[in-house]
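Participant: Chain by chain, the residues:
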Amino acid sequence: MEQEKARTRLFIWLWTAFVVVLLYLPIACGALASLSKGRYFAFPIRAFTSEWWEKTLDSIEIGMIVQTSLLVAALVTVISVVVAFFGALAFARYDWKGRRLFQKIVILPIFFPQPVLGLALLLWFSAVGIQTSWLTAVFAHLVWIVPVVTLVIAIQVYSFDPSLEEAAFDLGATRWQVMREVTLPILWPGIWSGALFAFLLSWGNFPLSLYTAGADSTVPKWLYSKMVAGYTPMVPALGTMSTLGAASALLLGGLVLWLLRRRAAA
Amino acid sequence: MAQTSLSHPAAPVSLEAAPALPTKRDALLSLGARCSLPVIVLLAVGFVAPLIAIFAYSFAKPRTFEVFRSFTLVNYAEIFNVNNTVWLSFLWSLGFAFATCALLAVIAYPIAYGLNRVFGKWSSLVSILFVFPLFVSENVRLYGWVLFFIKNGVLDGTLKMLGFEGGPQVLYQPPMILAGMLYVYLPFMLFPMTLGLAMVPRDLIDAARDLGANRWQIWREVELPLAMPGILIGMLLTFVLGIGAVAEAKILGGQSVIVISHDIFIGALTLAVFSRLDLDRLLGRR
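Line by line, the protein sequences give chains D and W. Residues 1 to 266, numbered by the working numbering, are exactly what the first sequence covers, in order. Residues 1 to 286, numbered by the working numbering, are exactly what the second sequence covers, in order.
Among the hints, erroneous ones may be present.
20 Å max Cα-Cα, derived PhoX-like pairs, lysine-lysine [to be verified]:
no., chain 1, residue 1, chain 2, residue 2
1, D, Lys-226, D, Lys-37
2, W, Lys-121, D, Lys-5
3, D, Lys-37, W, Lys-151
No lab work stands behind these hints, which were simulated from the structure alone.
Work out the full structure: start from the sequences and follow the hints.
Facilitator: Now the structure itself:
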């Protein structure tokens with residue numbers, strides 16, 4: 001029995017490790033391709049070079065695309081956190097008549113394939129007569145990201161004891177004071193994870209940007225256009241940089257989250 | 001199975017009514033409803049309206065963008081054309097989606113189990129490892145696979161170096177498409193499944209063991225039914241996303257009718273599954 005249990009545990013560890021390796025293998029392949037000399041990728045790599053990384057960093061075109069991507073992600077983060085914060089309160093905190101229905105409506109966009117959603121939005125914009133640009137991409141990202149962030153914050157809201165708010169009200173605090181002194185501090189870890197999710201999901205989003213960014217390009221969209229036609233090793237170079245950027249954002253965000261949790265626990 | 005797990009007495013979720021604070025506006029809308037307004041407005045303009053636009057588009061002249069300006073039923077007549085290949089491709093996408101969903105359930109289950117029971121203090125690190133690829137756009141990751149399998153790529157090159165014939169040319173074949181879908185949708189199966197397995201109380205399993213149940217019985221009678229809500233959501237997500245992966249090509253081919261039927265199918269399926277699940281319980285208990 002015990003031996004069997006140990007075997008199961010070993011199997012689970014090995015299986016998980018195997019899947020993780022598969023998960024990161026293509027990312028590693030991209031990094032390799034970006035470091036190899038020569039215009040076309042061939043393995044094993046004969047000579048390494050940082051030439052393509054330098055070229056990517058120097059490119060003015062790529063600089064502008066990165067700027068657009070950052071701008072889109074920043075706007076999406078701010079707006080989605082504000083909207084989703086109230087959405088999460090309605091989702092998990094307050095008991096109101098339409099809550100069950102609201103929960104289902106919020107979840108529905110997550111279940112819609114993003115390319116379909118992007119195309120539907122493109123049609124909608126063209127029907128209404130809105131010129132697509134990075135601003136419409138922000139809107140498209142919001143439609144998909146706000147529900148995700150709502151769920152992330154809602155999970156924090158569930159672990160929140162409503163009697164704390166009630167106590168503050170009984171002690172004579174105004175609604176604004178309760179919000180600032182009780183609700184927000186308790187929910188900070190959830191809000192912060194929501195913001196992190198919003199930023200990173202928007203930064204890496206491809207299908208929605210493809211259809212709704214119009215003439216403007218984000219990093220994933222630019223990469224796609226070059227993959228289809230006109231490959232240079234700058235493609236894996238920028239892809240790897242973007243991945244590393246997301247990883248450091250995640251690391252930094254995780255650190256802040258850890259500090260917030262620790263302060264909340266103290 | 002889902003039914004049994006749902007009728008299982010839920011732990012009391014402390015969601016008492018918000019303190020009724022008599023203000024002037026309370027008469028108009030409850031506090032919760034007011035909080036939900038921004039999300040509702042966003043989804044009305046950004047989700048419902050575009051779907052209506054697609055619906056309107058299905059009545060527009062084929063291969064034009066004259067939405068709301070022309071009216072024709074040609075698109076609908078086209079579906080019933082016997083020579084139309086859309087049904088075949090719909091069957092293909094259905095098959096792909098089924099396969100993705102079933103295989104992912106098998107692939108993700110041991111990992112979800114490990115995250116709950118085996119990894120202990122490592123489980124947050126392991127879950128971060130599985131979340132992170134979601135933040136790298138899928139085209140970058142799939143392109144990495146192309147570099148791996150391409151002629152003179154990582155696999156081919158390694159095999160040649162070792163003196164073999166060279167790797168098989170598998171790119172752009174149906175099995176590869178399936179592998180790509182498995183790769184992209186894995187997290188969507190894993191995380192709901194993990195939430196679901198977290199809902200299985202340990203004592204219940206211990207009790208079952210004390211009563212003499214063997215491992216298979218415990219899994220079949222206790223663990224699986226109680227974890228079912230999460231597993232169902234994961235299966236639904238991967239199935240729906242898998243089916244949608246093929247849909248986008250259709251609308252560009254002037255066959256938005258197919259997309260609508262997809263959408264209606266997806267919407268109905270999602271709502272049907274969720275009407276049987278208690279989201280509060282799934283998300284609230286950690």
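Participant: Are any of the numbered hints broken by this structure? If so, which, sorted upward?
Facilitator: Every hint satisfied by this model.
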